[in-house]
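Here is what each chain is made of, one letter per residue.
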Amino acid sequence: MGRYKARWIGIAVLIIGAGLIAVLATRPSATVAEVQSPLVGHTAPVITGTTFDGSAFSLPTAPGHFVVLNFFASWCAPCQQEGQDLVAFQFEHQQSGDASMVSVVFGDTLSAARTYQTMLGVRWPTLTDANGKLTLAYGVSARPTTFVIAPDGRVAAYIVGAVTVKDLDRVMSAAKATHA
Amino acid sequence: MSTRRFPIWIVLGAVLVVALVIGSGVLDTTPVTAAQRAVAIETGIKCPSCEDLSVANSSAQTAVLVRNTVRQLIGEGKSDQQIQAYLVSRYGSAIVLVPPASGWSLLVWVLPLGGGVLAIAGLTTVLVRKRMNELVEPADAARADATLDAGASSDQLDARRQFLEQSLADAFAEHRAGDLSDQDYQALRKRDTARLAALDVRMVATGNVGVAAPVAGTGDGAAEPEGPVPTIMLSPSGVRPKRNRRQRLLISGAVGAFGTALVLLVALFAANRLPGQTPSGNATLSQQAQIQQMLAQAATLENDHQPGGAAQLYQKVLGENPQNEVAMAQLGWLEYQTGVQGKSASLINDAKAKLNQAVQLNPGDYAPRLYLGTVLLDQDNNASGAVAQYQAFLAANPPAALLHQAASLLRQAYTQAGVPLPSEVPAD
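Sequence order for the protein chains is A and B. For the first sequence, this note's numbering begins at 77 and goes up steadily by one. For the second sequence, this note's numbering begins at 1064 and goes up steadily by one.
Worth double-checking, as some hints may not be accurate.
What the simulated footprint calls covered on chain A by chain B, stretch by stretch (three residues with Cβ under 8 Å from a Cβ of chain B suffice, anywhere in the stretch; the number is not a length) [stated by the list, open to error]:
# : segment
1 : 183–196
2 : 207–213
3 : 216–226
Keep in mind that the hints were calculated from the coordinates and are not lab data. All values derive from a computational prediction rather than experimental measurement. Ideal Cβ positions, reconstructed from N, Cα and C, are used throughout, including at glycine.
For reference, chain B alone in the conformation it holds in the complex:
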């Protein structure tokens, strides 16, 4: 009984589809939280003052504004579409990173799809033509061979015979392994057997006697070809070669391993998860990752003008790691601002102590240098001390945006201290 096995590429395709479905999170029935919604929306919104960067990935002021607005609108119960429509009404359709499937933007979606369809159609055409050429009619193939063999030497005819025998043996092995369909195998067998028979006739005619013997049965119930057949060594009827079984096992194992790896990779990289969340949904963060997450949350709260919540988180970070200079510097800066507002000398002194400690913990960080310099300038009228801190701030290569923001303070300190202004400070 003949059985058709699925080709390997169908198995691989099925594995890929399953992996993509799992990785896309379509089957995930966990309710989406407001934070997840916000992240999803922010990922699709362009930072207004950046080039090709989403607001989720930018720390620009405009990106922070948009992020805050998205979270505020989510809090007000607005749908994703309403939030997107609001931002489009302010910034225009260019604010959306994913172009809409309408109007001229539709071309962005249609052209790649059309190109893909054309490519597949072209490839299919080429493959079909190739197969058609392979499956030419036996009579045509024999005629073509006769033309080629005209005037061929004895050695050349022998070589051609060996080639045809090998082709038949290969076709038999492929058919046995399930890589060649019954129909294709019979067509190939018929063609090459006819070519071989014609070749034997020519060899007899030219004095090169070919050996003709009945070909071994294929054991699959296929009709035997008529006429002379090659003396090729085929496997005994009904006995599957061990080599093929091993091959199949190896291929099956490789496909399984590849599929498993693909599922894992897609699940790891394609799924939409919160920072630190594992593919299974659990948040198993290391202490360092927890600290990073708390610092990020605190920074967000600072941007949202919630210094109280930010300070609590910075204190929590320092509880975990008293040597964390980022938390130390930010907490010191928050304390200083609060102290200035409330005219609290003790809070200001405490803030200065923290900023000094942050500088000692990481002398190469620009942020505590800027904060400490500003405190020295504004609070202590110590322009020389401020300049020393600002020099370290500049040496640490701060971001250009921060340098712009701090430029007026730097100019003020350098002028008061009578020190020439460095060239990297933006001019007045």
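Isolated chain A, as found in the complex:
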């Protein structure tokens, strides 16, 4: 009787362990953390500011297409890691016009940030956010942080850490399915 009991306990532990491994193995990479934010599902805070060249920038409340808002710094390794993916994402979607990019400097000198983006080949508006209003309005606490804003102006996702084209496409697809 005792032997059978031990056997059943062993089998139960194995099943639980296998289930845990299966769950962990099918989760997204830990480097991309789509996290909870009080902003997700709500109207995105107004995006206005000044770009590197001093011109004013303002995004419509309902932009009509997806907007990827990326907070970055030139010295931050995960920001550098995702840089090429952001450029690729913009390139892919500027043809169809269903998504655009906006960057915000977060904790960096403007000269360093601008040099970094020039080297990367960025062709989208980057806001200096000198007074930190955008950073606070979006509750940003780490870099890089990426928000995906749906065409109707609501925040569809809030991602902390380096993103890939695949991650952004997945978030967009999920948002389209939700709003379809």
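Dock chain B against the given chain A, drawing on the hints supplied.
Relative to the frame of chain A, chain B by itself:
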């Protein structure tokens, strides 16, 4: 006439409550200023990019942003609740350091309270049981003694008798001193007198003759026990021993001193005051403290993008102490930035002179080294000179965040000067 005195712990508890009430500032009717409100709110808001640190205690960029926002919202007339709600709407409920008393967070408040209540209940139960054991019925105690004394030697019985006599004497002294209530004293007296009487009977029966004599009166009107009583030496009726009075005086003095010290400690450490403000509300700052306060205010103004106000304060500090290298360096840096913006060569030269002076005043400080290196690199295209300053900057162990911010400048200077980049500089 019997009088019951308050036990010491009630006096101590009352002193503690009074001290906490005074220290908490509940009785303080002074109007709260905007700065005090800001500090109070900031103390309860978590720095978004830190671990368990309030924005009031952090210099991180996000903490500075939140602080500025709090002050701005106060200026706009928002209530504390509205400000907190705004921050929660941006960062989530985790931004609040004090968890709300609702939902699952309620457990944080309830569990310690429940634990405390359970602990007190358990302790009370133990103490009551102990007291119940002490106050067993005289007949039961005598029966128990008889069982214990069966077969005991003469010496053992004598020892037991002395023990019971001493117990009665102790109970009398405690009752006199007010540490034992009338009810408990009578119960103890009745029990131990009965035990003593039973013991005397046994001693007579076994040939060990005990001395039985009437016990001295207690003088407090209590009923005298019947039967044989011990020959214990009690104090004369109605005369309070001098030793007890001295003890009471000593205890009263100790309690008073402890209470006073407690009130002072709580008032000193628990009250919510501005830096330099005394418990009485006066701000009696030393010159050094005033300078520190001005430097802190200037730094806040710099963070708020108010270089004019910051420069005025730095100049004021230098007026107080011309050798203050922090003010010298910061003023030099502000002048340099203003000079670059306004393309003023004289202002830039003045800034360089100040930064050089700051470096001379404290060669081990990283800030003037960084500023001077940056001026040499950007303004004079003197990469070698900049590298020399940056080397001193690195040797001074600057904060990691500042090193990250300065990394691109350092890389630029070292590359231009053809000097290998030190390993502590973050890679490109």
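**Report entry** Hint numbers not upheld by this structure, sorted from lowest to highest
**Finding:** Per hint list: zero violations.
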